[in-house]
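Peer 1: Sequence:
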Amino acid sequence: MPSLLLEIGCEELPASACREAERQLVERWLPTLGGERGAVLAAPRRLALHVTELPARSPDQWVQGPPEHLREKAAEGFARKQGVSVDELEVRDGFLGVTVPGRPIGDVLPERLDEIVRGLAFTKSMRWDESGMRFARPVRWVCAKLDGETVVGFGGSSYGHRFTHGEVEIPHADDYVDVLRAAGVEPQADERRRLIVEGLDRIGGWSDPAGVLEEVVYLVESPLVLEGSFSERFLDLPPRVVQTAMQSHQRYFPLEGARFAFVANGGDPETVVAGNERVLEGRLDDAHFTFERDVSRGIERLAEGLGSITFVAGAGSFADKTARLVKLVAELGGGEASREAARLAKADQAAELVREFPDLEGHIGAEYARLAGFPEAVCAAIDEQYLPDAGEGPLPQTEPGRVLAAAEKIDNLTVAFALGQRPTGSRDPHGLRRAAIGLCRLATEAGLQIDVDALARRDLALLVEQGAEVADDPAGVAEFVLERLEGLLDVPIEFVRAARESAVAELGAVARLAETLAGEAASEAFDRAFVAFDRANRLAGKADGAAPSLDPELATDEAELALIEALGAASPRIEASVAEEDFEGALAAAAELGPPVDRFFDEVLVMAEDSSVRANRLRLLLDVRDAVGALGNLSHIPR
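Position one of the sequence shown corresponds to residue -10 (my numbering), numbered consecutively onward.
Treat the hints as calculated values from the structure; they're not laboratory data. Note that this is a predicted model, so its numbers are computed, not measured. Incorrect hints may appear among the rest.
To be verified - Here are the simulated distance ranges between beta carbons:
1. GLU57 x ALA464: 51 to 61 Å
2. LYS531 x GLY557: 50 to 60 Å
3. ARG17 x VAL453: 28 to 38 Å
4. GLY322 x GLU11: 41 to 51 Å
5. SER120 x SER297: 47 to 57 Å
6. GLU1 x GLN438: 46 to 56 Å
7. ALA302 x ASP82: 55 to 65 Å
8. SER120 x LEU477: 22 to 32 Å
9. VAL453 x GLU1: 42 to 52 Å
10. ARG344 x ASP615: 51 to 61 Å
Note that beta-carbon positions come from the ideal geometry of N, C-alpha and C, so glycine has one too.
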């Protein structure tokens, strides 16, 4: 069976584009070629598919025609269009059709490979000539080999390392990797990663706090791991500043002391090391200068400058945001340390160092607060305000940090929703889904009490007081956050959805209620409570004409009176237990309504002829539903 090679050669691709192309080639395009085995190879100047055991022919294709009962009217025209006689038509599933034989793979490849080249999509793409083709970077060559033959319409050669080799002939599809390695290129990302890690381990003591290794793998074709050094005077800077200067722009790996490691794309080691040392020295010099200027101003003066820095167009300045954060941390139960941290949280937005290294926001503000003599609890909270900064990222370790982080996320969500900038589809430019997940984790894992709806309403009132350009009602913030809870809890989604519609408002309590419902789902108590809710809701929830309130004087049936008595006893207990988050107790009280509801439906005609009696009975059932419904909308749970 033949082998196929397709290589797209281009100007240096960003690492993100390499990963996008890899994913598409593996998931979408490799399966369309039908090869039993295949590999995707991505490097800065090339994207390649190498497929072995490719079918010699394309598969036969069934072309469906008109229904069989229209044979006399339509068969002849369909057969003529397909280039066959009417007698050659087949019948499948009541339709006429014809099997079109597959073609030699060499005949179909030109069209299919061109489709792959033009079908790759990137987050950022460009046009560079009159062809109109879009790609992440300009395409300079396309090589396609079917075994030893060059596919019609494509080239049969590639290019080696940009600085050491020129054009190289690919004699056979299976020779691709060996030919490129001989030309100074390692085409396999896994092998480049292995070589880089091996080189770093050989030096020893390396770290990668910003996680740049996976990017570096796609920045070089011929990995050369080297070591450099810098002046020890820069060790006076906070370690995070030095690390950020190394990794944010240069993708270096910090070593112990005044040393660093980096990955070069070949070249003379001595020259390359000297050049990278000069670059890092320059960046550290800039960082040292701006750090000293910020420290000389002090964090209080930095905070005073926040009024001239816009937070979000339409939502005021960072000074306005600071005022909201101070109020929100108080609403969240934060103490003096939390309030002081909120007051200083955004001061580093006025720092020159943050303008140069945005990754340092929060952290460098904490450093400036320490240098100004603020308590460690305040400094730690400033440092932790953006945590968790990823779905599974670390949580703040201090109570003031957790309170400030929650306030930060509530404000970001409320502002975005109020300005009509809520996420749509896969677009989330403000990271609101991440913020919502962070709130859920702060409530469920860190134990922070968070009533999202109340906090969002309070934040909205503050925005209005500040004159923000409120364009939308942020009432959906709580719903948006609760939706994220569904994917975090280890319980069936139906129980989370039921709990979301309960009388419970606090985020962590909603999670605990969902877990309780799921844990008790097989119990007799849950079954009885479910029956009470479900039977009452099925009839009264769909009927019209319920009385505004229950009138016991209109009840005459024994079963009806018994249900009223049971409801009067159970309802306050359910309400009190839910308020105390004793969900097992609330469920036990709700279960007491199951038998009287069953008896009521067995003995009482709800839809009585007397309209006042009928309305009263419907109200009774709605009151039963609402009493049990304090535990959630149990109709979401399948039984």
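Peer 1: Work down the list of hints and note, for each, if the structure agrees.
Peer 2: Status of the hints after comparison with the structure:
no.: 1; hint: GLU57 x ALA464: 51 to 61 Å; result: holds, 57 Å
no.: 2; hint: LYS531 x GLY557: 50 to 60 Å; result: violated, 25 Å
no.: 3; hint: ARG17 x VAL453: 28 to 38 Å; result: violated, 48 Å
no.: 4; hint: GLY322 x GLU11: 41 to 51 Å; result: holds, 47 Å
no.: 5; hint: SER120 x SER297: 47 to 57 Å; result: holds, 48 Å
no.: 6; hint: GLU1 x GLN438: 46 to 56 Å; result: holds, 51 Å
no.: 7; hint: ALA302 x ASP82: 55 to 65 Å; result: holds, 59 Å
no.: 8; hint: SER120 x LEU477: 22 to 32 Å; result: violated, 47 Å
no.: 9; hint: VAL453 x GLU1: 42 to 52 Å; result: holds, 50 Å
no.: 10; hint: ARG344 x ASP615: 51 to 61 Å; result: holds, 55 Å
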